[in-house]
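Student: Below are the chains, spelled out letter by letter.
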Amino acid sequence: GENVEQHPSTLSVQEGDSAVIKCTYSDSASNYFPWYKQELGKRPQLIIDIRSNVGEKKDQRIAVTLNKTAKHFSLHITETQPEDSAVYFCAASKGNTGTASKLTFGTGTRLQVTL
Amino acid sequence: DVKVTQSSRYLVKRTGEKVFLECVQDMDHENMFWYRQDPGLGLRLIYFSYDVKMKEKGDIPEGYSVSREKKERFSLILESASTNQTSMYLCHTGSNTEAFFGQGTRLTVV
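Chain order of the listed sequences is A and B. With the numbering used here as the guide, the letters of the first sequence map in order to residues 6 to 120. With the numbering used here as the guide, the letters of the second sequence map in order to residues 5 to 114.
One or more hints might be untrue.
Stated by the list, open to error - Heads up, simulated EDC-like pairs for lysine to aspartate or glutamate below, C-alpha to C-alpha not over 16 Å straight-line: (1) A:Lys47 - B:Asp42; (2) A:Lys47 - A:Asp89; (3) B:Lys61 - A:Glu7; (4) A:Lys76 - A:Glu10; (5) B:Lys59 - B:Glu76; (6) B:Lys7 - B:Glu26.
Just so you know, these hints were derived from the structure itself, not from any lab.
Chain A on its own, in the form it takes in the complex:
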C-alpha cells in the first residue's frame, strides 16, 4: 500500500520567515495530495491540495509543489504569522475527482511561529 513520509516532525520559525514541510510518497498511482492544518483541540481542516497534473499551486501565503518523478511534494508558507502555528499533515490518495478517497497521511509537522 501507499506510504507517506513527512519531515520535519517539528519546525520553529520566527514570525515573517518562511516555512517548508516536505513529504514523499511511495505509490506512483497516487494522484491527489491534500494538506491539512490542525489547531490545538480542533479537527483537521483542508488548506490546499494539488493533483498530479499540476506542478504548483498557490493560495495567498501558502503554496504546494509536486514532483511526480521524485514522488515528493512540499508545503510552503511565506510571511509566517503566529496563527500559522499548528500541526500540518500531508496526505496522498488515488481518488477520482468526484468523491473523497481514502487518504494515507504523513505523521504530521508541528509548526511553531515565534514572535
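Once you've looked at the hints, dock chain B against the given chain A.
Tutor: Positioned in the frame of chain A, the structure of chain B alone reads:
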C-alpha cells in the same frame, strides 16, 4: 456549510465494553471514513464505506467493525474495547474539493 457530526466529544469506557462511535453527515456524500489519530503516528485509516451497507477494511481494522445502514450515518464499533484503543477517532467525508472531518471523539479505555 457541510456538517459532519460525531455523537460524542469525549468517552470513557471500561476494558471489554462494546463501544459505538457515530458519525452523521448532511451533504449526501457516498464515501465516509473512520481514522484514528495518535501522537507521532498521524491519522490511520480504520474502515471506510463507499455506499450503504458497503464496507472495506482500511490499514488497521483489527478490533473494529463498522455499520452503514443509512447513507448519512457511519458507525464505528469496538467489539471489546482494549486500552490500546485509547485514541482520538475522526470521521471524514466529502468530495475531493471539499473534504471535512468531524470534530473528533477522544476515547479513553480504562
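Student: Identify every previously stated hint that the structure contradicts and give their numbers, smallest first.
Tutor: No hint contradicted; all consistent.
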